[in-house]
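*Asks:* Listed below are the residues making up each chain.
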Amino acid sequence: MREDQLRELIGRVRRGSLSRRGFIRRMAAVGFTAPMCTQLLALYGISPASAQSVPPYRPSRRGGGQLKILYWQAPTLLNPHFATGTKDQDASRVFYEPLAGWAADGTLHPVLAAEIPTVDNKGLAEDGRSVTWKLKRGVKWHDGQEFTADDVVFNWEYARNPAVAAVTSGSYRDVNVVKVDDYTVRVEFPRPTPFWADAFVAATGQLIPKHLFQDFAGANSRDAPTNLRPVGTGAYRFVSFAPGDTVRAEANPNYHLPNRPFFDQLEIKGGGDAVSAARAVLQTGDFDFAWNLQVDDETLRRLEGAGRGRVNIVEGGNIEHIQLNATDPNREVDGERSHISTQHPAFRDPAVRQAMALLLDRASIQEFIYGRTGPATPNFLNAPPRFRSPNLRMEFNVDRANQILDQAGWARGRDGIRQKDGARLRFVFQTSVNAPRQRTQQIYQQAARRAGIEIEIKSVVASVFFSSDIANPDTYGKFYADMQMYTTTMPQADPGRFMNQFVSWEIAQKANNWSGRNIVRWRNEEYDRIYREAEQELDPVKRAALFIRMNDLIVSSNHIIPVVQRPLVSGSAINLRPVLSGWDITLWLLSDWYREI
Amino acid sequence: MTQYLIRRLLLAIPSLLGISVILFTVLALAPGDPFEELATNPAVPPEVRLQLRASLGLDDPIHVRYLAWLTAMLRGEWGFSFVSRVDVDQLILQRLPTTLIVIGSSQIVALMIALPVGILAATRPYSTFDKIANTLAFVGFSLPTFFTGLLFILFFSIYLDWLPFVYRTRIEATGLAWFWEHVKQTIMPVMVLGLFQGAAWTRFVRSAVLDVIRLDYVTTARAKGLHERVVITKHVVRNAMIPVVTLVALQMPIVFGGAIVTEQIFRVPGIGSLLISAILANDTPVIMAVTFVFACLVVFFNLVADILYGWLDPRISYR
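Protein chains in written order, with this note's numbering: chain A, 1 to 597; chain B, 1 to 319.
Among the hints, erroneous ones may be present.
[What the hints assert, rightly or not] With beta-carbon atoms standing in for the labels, derived distance ranges:
#1 L93/B / A435/A: 56 to 62 Å
#2 G496/A / A173/B: 50 to 56 Å
#3 L93/B / E250/A: 38 to 44 Å
#4 L5/B / E250/A: 51 to 57 Å
FYI, nobody ran anything at the bench for these hints, they're computed from the structure. These numbers were taken from a predicted model, which means no experiment stands behind them. Positions of the beta carbon are idealized from the N, C-alpha and C atoms, including for glycine.
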């Protein structure tokens, strides 16, 4: 289906000459999924009458007792601008709120904003160069001060100041923020920006109060007493905090939404391991909610059998994938292996890469290793649904792999390993130490052996593999191996920042201390060009098509072989109603959690 | 005596310096990066990470960092946690009470098991009681704490559903209910550690007492017609305690250091769990502070043990 046809259909729905259902049926016929269609329509302001991105909040009163949450990694600090991981962002989110958050379907949900800016309500500029946020009135900080536009502007100044070294600075350094009046701010972009919902949104958008932080907005930022005793606008207010152990909070009686929060007290206990956290929620019921249960599905099912809790699986964009190095990891150029001027002796042949993709048995990996916690996928970019490519299939076929290699002239040697022109199909395959990953490596190794390819398995401790230590040769960023496997996270519902990991100017190399995002070191002019185009493209349909094209380019190059999606897995007590989203942090809408009685 | 003390304390300084140099070098050479999570997060620009590294002095050469650490330590500044962005002493003080309660009471439990059982077993060697005590002691210290810990959880928390297996520092109840809740959650980690330690010590006490009980002066005491209880408590045990005191004194730093594995299993927020999470997060200042305090305590308790010898055995003199 071409873009103009799509546009015409959407226009017909808008004018009323085609029903929503008719639209979805036609789209399904050409391979588009129903959620994708709904989202395409929503982008044009056509949404079903009952559209609800967030489940309804039912309680009519407060006083729900205690809510006990278990994190197997303990929060270590409570300033969202310093949060080193999701655990810290979540703990901060109990107290601090952003202007808006991302709901499970990848749409924005207002929190401290009065409404979500759109072109229709004049929030979004037609030229894509600014967005105007209207703030909710009557919101008070926990100490009674009024929340105003000054606080919002202050957060921008605070986060972009290099002396503060805020981890959120990426969202703020390139924009300009202007106070329009006490309850309106305008975010201005240097060029037309299709993804405008970054500053002041979701995890990195949590707002801290100006009146308590303004004296600590420089190199002394770490001395602020409020770093450990937060005063926010959230549904719960601070009681006590022991870094690396427990966060305690109580209901905020002046919260800006009616009947919320439901619970009187809140406790987030940290530490331990994922399996016993699952046990404490699902089996013994000592806790109400457990975060990020990286536990194999079999165990989860068994624990769920106790009937005290259930497992929540929320789709996000995280993807476990295998990279085939585009450069040669065994040749050193200027003191650097996997140098960009080299080519991998075997993977430069598309036939070898295609064979490698055919040898990955994703269906078995899903069935026997990940279960519900890892659906197999042919795409690198899987979500939100409007960006998912309908064009790719996954196939496991050893015979075809053999055939392709034979045709390409890779003949088996005496030891059964194929070779051609002195290059042997013998690859070092590295990943981090993690049981499912090692099992995946073995499955891949066995299949490859049947096609005359020898895979040498290597596993590196996660704290080394994922480190940015420039002295260490085993980091994933250096990629001094032929192949590697890990999960790339997608923290936002927009793929702009996610898909930049294959553009040529992001290539990881010595010059940028291997901090570049393009670790597979793949280069493609068309990809670069359409990525640039997508950066400027304001039309959402056109933009979605560009990202789908990018996904197809990188995946069909076979330098990237997607393995499974990694949805977010959590456990909750059977009567708890948490509101979760794969596009925001776990506690993104804690104010709406309640217990059914 | 005073002279001896001063000499010993002066001798401790070079050894502590040596320890700190080794610790610091090993930690500096160890792979890893405290801002690893930032590195894998595409939303965080790499400059932020580089800026953070620079501001915390991570890019300086090792000797510069060591000297900075040493001068700060001498001024009483323990360092600044990379991960929590608070002073390390604050972190340690926050966790000290829990550690002292849990590990301290487990050591007391261990002593309360080891002393009576060990002495009783030694006074009746190869009796049925001795054999049972011996067997149980072997079982006790052959089973690692992570195994008994899990076993306890499976049995008492999951099968019987009596005890909670997540330790919580703050409990809402007051008075007796508060105390009871605390006992309920401490009893499993305390018993796991106490039984393990107690089993090892029982064997030790038994052999120490056996060594002494055969000596001639004990026979003399008995021949004098002293009551058996007096012979054991006044003559045998006091002399047998010398090696036991060394052992126990050298174990005392562990009370501070916490029990890494057990704390992790029961989620006890003690120093041990602080240390392990600091190691996993490459939070060097915290690791450095905890291990260094640990080293100081080992040196200190060595001294205490030496002094206790003199009290137990007046023949030992200090020169």
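*Asks:* Go through the numbered hints given earlier and state which of them the structure violates, listing their numbers in rising order.
*Replies:* 1, 3
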